[in-house]
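Engineer: Using the sequences and the hints given, assemble the complete structure.
There are 2 protein chains.
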Amino acid sequence: MNNFEFKNPTKIIFGKDTIEKLKDEIPANANVLFLYGGGSIKENGIYDQVKAALANVDFTEFGGIPANPEYEILMDALKVIEAKNITYLLAVGGGSVIDGTKFLSAAAVYEGDTPWDILTKNIRTENGMPFGTVLTLPATGSEMNSGAVITRKETREKLAMGGPGLFPKFSILDPEVIKSIPKRQIANGLADAFTHVLEQYMTYSVDAKLQDRFAESILLTLVEIAPPMLKEEFDYKAASSFMWSCTMALNGLIQKGVPTDWAIHAMGHELTALYGIDHARTLAIITESHYKYNFEAKKEKLAQYGERVWNINEGSIDDKAYAAIEKTTAFFKSLGIDTKLSDYTNEYDGTAEEIAKRFTDRGWLGLGEHQSLSPKKVEKIVKMAY
Amino acid sequence: MNNFEFKNPTKIIFGKDTIEKLKDEIPANANVLFLYGGGSIKENGIYDQVKAALANVDFTEFGGIPANPEYEILMDALKVIEAKNITYLLAVGGGSVIDGTKFLSAAAVYEGDTPWDILTKNIRTENGMPFGTVLTLPATGSEMNSGAVITRKETREKLAMGGPGLFPKFSILDPEVIKSIPKRQIANGLADAFTHVLEQYMTYSVDAKLQDRFAESILLTLVEIAPPMLKEEFDYKAASSFMWSCTMALNGLIQKGVPTDWAIHAMGHELTALYGIDHARTLAIITESHYKYNFEAKKEKLAQYGERVWNINEGSIDDKAYAAIEKTTAFFKSLGIDTKLSDYTNEYDGTAEEIAKRFTDRGWLGLGEHQSLSPKKVEKIVKMAY
Numbered sequence: 001m002n003n004f005e006f007k008n009p010t011k012i013i014f015g016k017d018t019i020e021k022l023k024d025e026i027p028a029n030a031n032v033l034f035l036y037g038g039g040s041i042k043e044n045g046i047y048d049q050v051k052a053a054l055a056n057v058d059f060t061e062f063g064g065i066p067a068n069p070e071y072e073i074l075m076d077a078l079k080v081i082e083a084k085n086i087t088y089l090l091a092v093g094g095g096s097v098i099d100g101t102k103f104l105s106a107a108a109v110y111e112g113d114t115p116w117d118i119l120t121k122n123i124r125t126e127n128g129m130p131f132g133t134v135l136t137l138p139a140t141g142s143e144m145n146s147g148a149v150i151t152r153k154e155t156r157e158k159l160a161m162g163g164p165g166l167f168p169k170f171s172i173l174d175p176e177v178i179k180s181i182p183k184r185q186i187a188n189g190l191a192d193a194f195t196h197v198l199e200q201y202m203t204y205s206v207d208a209k210l211q212d213r214f215a216e217s218i219l220l221t222l223v224e225i226a227p228p229m230l231k232e233e234f235d236y237k238a239a240s241s242f243m244w245s246c247t248m249a250l251n252g253l254i255q256k257g258v259p260t261d262w263a264i265h266a267m268g269h270e271l272t273a274l275y276g277i278d279h280a281r282t283l284a285i286i287t288e289s290h291y292k293y294n295f296e297a298k299k300e301k302l303a304q305y306g307e308r309v310w311n312i313n314e315g316s317i318d319d320k321a322y323a324a325i326e327k328t329t330a331f332f333k334s335l336g337i338d339t340k341l342s343d344y345t346n347e348y349d350g351t352a353e354e355i356a357k358r359f360t361d362r363g364w365l366g367l368g369e370h371q372s373l374s375p376k377k378v379e380k381i382v383k384m385a386y
Numbered sequence: 001m002n003n004f005e006f007k008n009p010t011k012i013i014f015g016k017d018t019i020e021k022l023k024d025e026i027p028a029n030a031n032v033l034f035l036y037g038g039g040s041i042k043e044n045g046i047y048d049q050v051k052a053a054l055a056n057v058d059f060t061e062f063g064g065i066p067a068n069p070e071y072e073i074l075m076d077a078l079k080v081i082e083a084k085n086i087t088y089l090l091a092v093g094g095g096s097v098i099d100g101t102k103f104l105s106a107a108a109v110y111e112g113d114t115p116w117d118i119l120t121k122n123i124r125t126e127n128g129m130p131f132g133t134v135l136t137l138p139a140t141g142s143e144m145n146s147g148a149v150i151t152r153k154e155t156r157e158k159l160a161m162g163g164p165g166l167f168p169k170f171s172i173l174d175p176e177v178i179k180s181i182p183k184r185q186i187a188n189g190l191a192d193a194f195t196h197v198l199e200q201y202m203t204y205s206v207d208a209k210l211q212d213r214f215a216e217s218i219l220l221t222l223v224e225i226a227p228p229m230l231k232e233e234f235d236y237k238a239a240s241s242f243m244w245s246c247t248m249a250l251n252g253l254i255q256k257g258v259p260t261d262w263a264i265h266a267m268g269h270e271l272t273a274l275y276g277i278d279h280a281r282t283l284a285i286i287t288e289s290h291y292k293y294n295f296e297a298k299k300e301k302l303a304q305y306g307e308r309v310w311n312i313n314e315g316s317i318d319d320k321a322y323a324a325i326e327k328t329t330a331f332f333k334s335l336g337i338d339t340k341l342s343d344y345t346n347e348y349d350g351t352a353e354e355i356a357k358r359f360t361d362r363g364w365l366g367l368g369e370h371q372s373l374s375p376k377k378v379e380k381i382v383k384m385a386y
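First to last, the sequence lines map onto chains A and B. Counted from 1, the first sequence has number 283 at position 283 by our numbering; the numbering is strictly sequential. Counted from 1, the second sequence has number 229 at position 229 by our numbering; the numbering is strictly sequential.
Note that these hints are calculated values from the structure, not bench results. Be aware that a few hints might be false.
You can't tell identical chains apart in this list, so a pair holds if it fits in one copy or across any two.
As the list claims (entries may be wrong) - Subject to a maximum C-alpha distance of 25 Å in a straight line, what follows is the list of computed BS3-like cross-link-like pairs (lysine-lysine):
hint	residue 1	residue 2
1	LYS16	LYS256
2	LYS333	LYS183
3	LYS383	LYS340
4	LYS23	LYS256
5	LYS7	LYS237
6	LYS183	LYS237
7	LYS79	LYS357
8	LYS179	LYS256
Structural biologist: Encoded structure:
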């Protein structure tokens with residue numbers, strides 16, 4: 001096991017009818033900016049629940065944060081924060097709204113020239129403006145971590161940021177909110193959380209036995225609850241396990257003491273930036289070719305995953321590892337998620353070269369757990385995913 | 001899954017050569033009380049490492065906190081805190097030193113008549129005196145939770161306390177410290193952590209799939225690393241998994257959203273209070289008879305545990321559950337831990353009645369996940385453990 005540090009101070013409030021509890025979490029004298037997305041919360045009742053809980057608090061609303069939170073729109077929110085002397089942020093939404101709120105938490109206290117620097121210069125936020133979240137779409141784990149990914153349409157870029165000052169003060173996870181989520185987004189959440197775990201697990205062994213078992217626990221749970229989650233009828237028990245699994249998949253715990261990969265995400269982000277493909281689907285596009293290309297480096301762990309998650313007990317290490325990759329692709333397909341770039345766009349020619357060029361331009365010369373995936377190798381992997 | 005709240009703000013610093021990092025964690029202007037136990041840290045080098053890290057900090061030493069931290073001795077430490085205007089506590093030790101430090105953290109700010117009230121009146125501490133820990137003996141999880149158990153020899157009592165203000169600010173976990181721990185204490189740590197997990201898992205299903213898998217992950221890891229941990233030669237990799245498993249077994253995570261039992265601990269504490277038997281060994285004494293007595297209520301979960309942890313795949317639910325109990329006893333024995341009270345004392349006559357009477361006197365009329373274990377039933381279970 002590698003040395004590590006771990007601290008996660010976010011307070012989780014989990015369960016049925018918990019949204020009202022936000023009134024106990026926001027300081028009485030706070031001046032709140034209530035941030036949300038495209039307005040679905042007005043249809044499913046969450047907006048009303050939040051407003052009721054905010055009855056005794058000063059607040060301003062800012063709706064319209066899009067999927068893949070967009071820099072220009074967030075800059076409009078930043079103007080509201082300044083104009084209204086906002087002191088506390090409340091994100092009500094999925095990963096996009098929460099990530100956008102983290103950017104605002106950092107930008108509100110940033111003293112440099114332009115908040116875009118936070119993303120391009122990897123500025124870590126030690127103390128952001130405090131914020132809480134009400135999660136409406138389980139998937140990204142953003143409700144219990146200190147990272148965010150922000151998109152800038154103008155430059156077709158998607159960049160990461162973070163820092164210890166960007167953990168939510170609290171996050172409310174009421175599985176009932178899942179009732180009104182379209183099945184397409186449920187499928188995305190399942191694939192997203194599944195791939196989050198894989199990125200922190202499918203590397204090489206450092207004999208971190210508990211971290212491996214925890215990662216496998218989340219994968220096993222996601223596989224088990226996927227069928228009930230995709231059924232028409234709402235299943236509260238499955239929804240609870242889904243919601244908690246998504247959070248645990250990316251709250252920092254399972255990555256401590258082990259090597260991590262994240263190359264699938266790096267490539268996937270570019271597919272979203274270039275084609276607007278749903279984040280989770282870009283991960284499903286890249287996974288198989290990434291694991292096949294890096295087969296030798298990952299095959300021991302792939303075989304362990306095959307045995308423990310997919311019950312593949314026959315054959316050599318290579319056989320098990322290969323079968324495990326096939327099982328993974330089949331799992332994505334069982335969610336109704338296509339796994340080739342050509343399933344999403346006809347104009348994929350040149351994509352691999354463009355992504356490789358971007359990585360070169362950014363100085364990303366060695367991705368993955370061995371820092372060995374050069375832009376040239378990335379080009380090959382993306383091409384295999386056409 | 002049941003509703004729950006979870007917050008654990010302790011910063012973990014894990015790995016080789018990390019003790020020196022405590023100098024970055026203690027505030028520069030702190031006036032520290034450095035607390036430790038019987039002095040083994042002076043033989044194994046930890047004392048010197050801590051002193052070196054405290055080179056630029058004002059501190060006072062207080063050694064001699066015994067196993068099962070004793071109220072009268074802690075009251076002496078409290079006088080030092082008052083006399084020296086101590087502002088920060090540093091526990092260097094195992095669960096006993098850390099638990100004692102938590103009591104002091106609470107007692108230092110308590111404004112009632114006598115600090116003993118904190119234990120007898122269940123006073124929860126919202127803000128204690130800040131403290132950090134250097135863990136020298138993995139077992140209790142006290143380094144990453146907010147609970148403590150304190151003993152009072154005078155009355156032969158052992159009582160629990162806690163509160164959100166009693167999380168360590170930081171805990172340093174360097175697996176190298178395990179090198180000098182006697183095998184008897186390693187065995188105790190393995191049994192203690194194993195039983196901690198069982199208390200939070202061996203109840204009835206609320207379909208909390210991830211919590212079940214996480215609990216099983218810790219059990220599987222402990223079973224796997226027990227043999228290398230008991231070998232003469234020090235195995236850093238196994239020690240790392242052991243240390244992290246002990247912490248995760250009782251840092252609050254796996255108990256969230258599920259029913260918990262803790263009756264084994266309630267009975268076990270009395271055996272320590274009455275006979276001075278090592279805490280972990282008292283748990284091993286009670287476990288089998290507790291599970292046999294409550295077989296009908298627990299058999300579904302016992303069977304699941306049998307399948308997933310002990311690979312018992314043949315037979316009925318009852319068969320698997322029964323075999324799982326046998327496997328548990330065999331595991332304790334494989335650690336060199338006897339599992340009957342008569343293995344530890346010849347004067348056990350009347351023990352069951354005495355414990356039942358104590359529970360009655362304290363008003364503990366219904367222990368366990370169903371709050372249905374009356375003192376009469378406790379008496380029967382303890383008798384089965386003779």
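Engineer: Give a verdict on every hint.
Structural biologist: Verification of the supplied hints:
1. LYS16 to LYS256: between (31 Å within a copy, 14 Å between copies)
2. LYS333 to LYS183: Intra 14 Å, inter 51 Å, cutoff 25 Å: intra-copy only.
3. LYS383 to LYS340: Within. Shortest intra-copy distance 10 Å satisfies the 25 Å Cα cut-off; inter-copy 65 Å does not.
4. LYS23 to LYS256: between (33 Å within a copy, 22 Å between copies)
5. LYS7 to LYS237: between (29 Å within a copy, 22 Å between copies)
6. LYS183 to LYS237: Intra 17 Å, inter 43 Å, cutoff 25 Å: intra-copy only.
7. LYS79 to LYS357: For LYS79 and LYS357, neither the intra-copy (35 Å) nor the inter-copy (67 Å) Cα distance is at most 25 Å.
8. LYS179 to LYS256: Between. Shortest inter-copy distance 23 Å satisfies the 25 Å Cα cut-off; intra-copy 33 Å does not.
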